[in-house]
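Heads up: the sequence lines are chains A and B, in that order.
Just so we're aligned: 341 in our numbering is position 341 of the first sequence, and the numbers increase by one with no gaps anywhere.
Just so we're aligned: 1059 in our numbering is position 59 of the second sequence, and the numbers increase by one with no gaps anywhere.
Honestly, the hints are just simulated from the structure, not real lab data.
Please note that the accuracy of each hint is not assured.
[As the list claims (entries may be wrong)] Listed below are the simulated DSS-like cross-link pairs for lysine-lysine, each with C-alpha atoms no more than 27 Å apart in a straight line:
#	chain 1	residue 1	chain 2	residue 2
1	A	Lys316	B	Lys1070
2	B	Lys1070	A	Lys329
3	A	Lys316	B	Lys1094
Listed below are the residues making up each chain.
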Amino acid sequence: MADNGKQHAPHRGDMTGAKALWATLANHGISTVFGYPGGAIMPVYDALTFYPEVRHVLTRHEQGAAHAAEGWAKATGEIGVCMATSGPGATNLVTGLADAMLDSVPLLAITGNVASHLMGTDAFQEADITGITLPITKHNYVVRDVEELPRIVAEAIRIARSGRPGPVLVDIPKDIQLAAFHSEIPAPHARPEAPAPSPESIERALELLRGARKPVIMAGGGSLDASAEITALARAWDIPVITTLMGLGAFPSSDPLWLGMPGMHGSVAANRAISEADVLLGIGLRFDDRVTGRVNGFAPNAAIIHVELDAAEIGKIIRTHVPVRGDAKQAALLLTQGAEPTARPEWQAQIEEWKGRTVTPETYGAGYAVKAVVDRLRPDDILSSDVGQHQMLAAQLARFEKPRRWINSGGLGTMGFGLPAAIGAGMAEPGVRSVVIAGDGGFQMTAQELATLKMYDVRNVKICIINNSFLGMVRQWQELFHEKRYSEVWLGDSNPDFIKLADAYDVPGYRATTAEELPAAIDAWLSDPKSALLEVVVPHEHGVFPMVPAGAALFEMIETEPAKSPDLSAQMQDAAEEASEA
Amino acid sequence: MTEVRDHLLSILVRDEPRVLTRITALFGRRGYNIKSLSVGSTEHPGVSRMTIVVSGDRGVVEQAIRQLEKLHDVIKIIDHSLEKYVDRELVLVKVAITPESRVEVRQIAEDFRSRIVDVGRHALTFEVTGDEGKITAFIEQMRPFGILETMRTGRIALTRGSNADIPAHVYHEGETQALQPTLEVQPREERARHVPNLF
Ligand SMILES: Cc1ncc(C[n+]2csc(CCOP(=O)(O)OP(=O)(O)O)c2C)c(N)n1
Chain A
1 MADNGKQHAP
11 HRGDMTGAKA
21 LWATLANHGI
31 STVFGYPGGA
41 IMPVYDALTF
51 YPEVRHVLTR
61 HEQGAAHAAE
71 GWAKATGEIG
81 VCMATSGPGA
91 TNLVTGLADA
101 MLDSVPLLAI
111 TGNVASHLMG
121 TDAFQEADIT
131 GITLPITKHN
141 YVVRDVEELP
151 RIVAEAIRIA
161 RSGRPGPVLV
171 DIPKDIQLAA
181 FHSEIPAPHA
191 RPEAPAPSPE
201 SIERALELLR
211 GARKPVIMAG
221 GGSLDASAEI
231 TALARAWDIP
241 VITTLMGLGA
251 FPSSDPLWLG
261 MPGMHGSVAA
271 NRAISEADVL
281 LGIGLRFDDR
291 VTGRVNGFAP
301 NAAIIHVELD
311 AAEIGKIIRT
321 HVPVRGDAKQ
331 AALLLTQGAE
341 PTARPEWQAQ
351 IEEWKGRTVT
361 PETYGAGYAV
371 KAVVDRLRPD
381 DILSSDVGQH
391 QMLAAQLARF
401 EKPRRWINSG
411 GLGTMGFGLP
421 AAIGAGMAEP
431 GVRSVVIAGD
441 GGFQMTAQEL
451 ATLKMYDVRN
461 VKICIINNSF
471 LGMVRQWQEL
481 FHEKRYSEVW
491 LGDSNPDFIK
501 LADAYDVPGY
511 RATTAEELPA
521 AIDAWLSDPK
531 SALLEVVVPH
541 EHGVFPMVPA
551 GAALFEMIET
561 EPAKSPDLSA
571 QMQDAAEEAS
581 EA
Chain B
1001 MTEVRDHLLS
1011 ILVRDEPRVL
1021 TRITALFGRR
1031 GYNIKSLSVG
1041 STEHPGVSRM
1051 TIVVSGDRGV
1061 VEQAIRQLEK
1071 LHDVIKIIDH
1081 SLEKYVDREL
1091 VLVKVAITPE
1101 SRVEVRQIAE
1111 DFRSRIVDVG
1121 RHALTFEVTG
1131 DEGKITAFIE
1141 QMRPFGILET
1151 MRTGRIALTR
1161 GSNADIPAHV
1171 YHEGETQALQ
1181 PTLEVQPREE
1191 RARHVPNLF
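With the hints as constraints, model all of the structure from the sequences given.
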């Protein structure tokens, strides 16, 4: 038998469904799979031993596997693959799939299931995972015939990558994994071309841009692969650019046209420019409510041009005057060709003034620490974050010159995302530093993945924990909107000694507790030849500002952290109430 | 806001497991209201056809169409409000009868060209086919006698086959037709009244 792991052309009768699965993945150039075995997927794990060119990374939780695959996909733009057994294994993937759905991450999830004849009988470790993941996958499959398996996997990969990317799940009953496979392994699908925008829509967009006196471009996660074209477009028209949380890096932060991030914790310049703009050109974004604030106060004076691949996003939230359906790259190129640079001195002066109002954290705290870390990043470094105050601070303070260097959970806001995503990204690009900023809360949701670092001797993951002893972001809202009733957000007494925890996994640990200690600690941490952990202990009560209260419009933003007084919560509550009444 | 009314959609779908769940779950999750739903096979093996009546304004229906178009199982959607169509519904109505009312009930049914499908001592069951207006009128006529039970199949619809009536977009495979640019650029309809300077 010629099946030595190198040969993927099937031979009649000598292949199982499980081998056909690996052969198909290998054919698609999948080099790494993150997963966790179990009873219902054992034939697949058994067959893995025949395919040494596919690396399987054993995480310590299936959620870690899903986020690691996401980190891989977000850093490379290529599909990430994760794998789990039936029942509890499969349900542990669910959070990662929902996360990938909301952030449009191309992900393939393979789950084992109980044997076909047991499905539907509440068998041991049976869960209806295709039913469970119906609303949080782009599509999902149960393989019912082994001969269909490679075709389904190939199609799943195509669906995950094409159009607006997203997660696809393939559930494979155990008997199908074991069944003899006789068909051909199909060649990978060619990647479909993204649809070109219609000439009329481009013409209409150009018309609006030509007449614009206060234009602004807003680029989202769907524009990351059109970064060069969008940069050229903005420069050709001399239009300022806002990048959303998911779009950070789509436009170089060092460019004077960059205004920062919009939305709840956006920059003064970005939110103000949106509020005053007469034409807003949105590219590859979906007007999330964290971006728009109160919808009827969003860009109230602007005609909206929306370039988007997913037709369902056009007009879903914000009324669009010129829908441009199609590929961001092509649209940006066409809009650049029609560029007519216009001097808009007043708009420019206004923008400069707003940009001057950037907040830099001066006193030692979470913001100060995050800034100290991100200031030390090199343009190639990948920065991941977990979810909370540190995430918003990193998004505000980090500077990105290139796309796909910023990895975070935007749409779902998944605590526990950071460490496994940074591991996935670090494994995708072993030559690049993969830095993750996490809170003391979120880090503990997937801290066990330190073991993955140890097991695979990953050397380029740098973990920074901003330890404020609180679930900081929730605490901030309690402070502002619940009269400082700090209900169930205090972690301080029960937090582990993070350095000892890291040590338990052979990960070197460093700690800073003051502004003075910080620079040396960062140096030592970053220059450690191994993956390492830095804990920065910061004062408990620090907020993230600017902030637009939930339910308020972007122009109702609060710029700087106000002196702590009861007035503030009253003031913000008023703004929020007024907004919800309007 | 445009007016809220009923929209008839025909959805051609791959005949695969869970396809009905996928479609109804999409409507449920996004809060679109299904007024009626009927499903059956088509002249093509492997392809089923659904007629869904959704109520909402134009915006809601366009959004529903675009979300449906994203489903891998959906082959084509026809929005019947954009063209001429025929639609029918089949209803079974069980009406209470007494020796006195029996003749009158039968007479009304005859006027509606309704067939009797079951005869009982105290009730007659009728089958009525027609458009919504006819069925509503039938039920209203029978109501005074006492309606014991009704069952409706939900509406089904087809584009009119007199070819001149079929606009190109109905069988057009390309881009969604829901994406016509707004011709006039007006200020956003919900323009904020004032922009307080909090900056
Ligand atoms: C899985 C999950 N559970 C709960 C939340 C709600 N949540 C959002 S931010 C936050 C606090 C995060 O605290 P920490 O990780 O310490 O970071 P910090 O905000 O202090 O920087 C919580 C609980 C969430 N986003 N995800």
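(request) Output the numbers, in ascending order, of every earlier hint that fails for this structure. (result) 3
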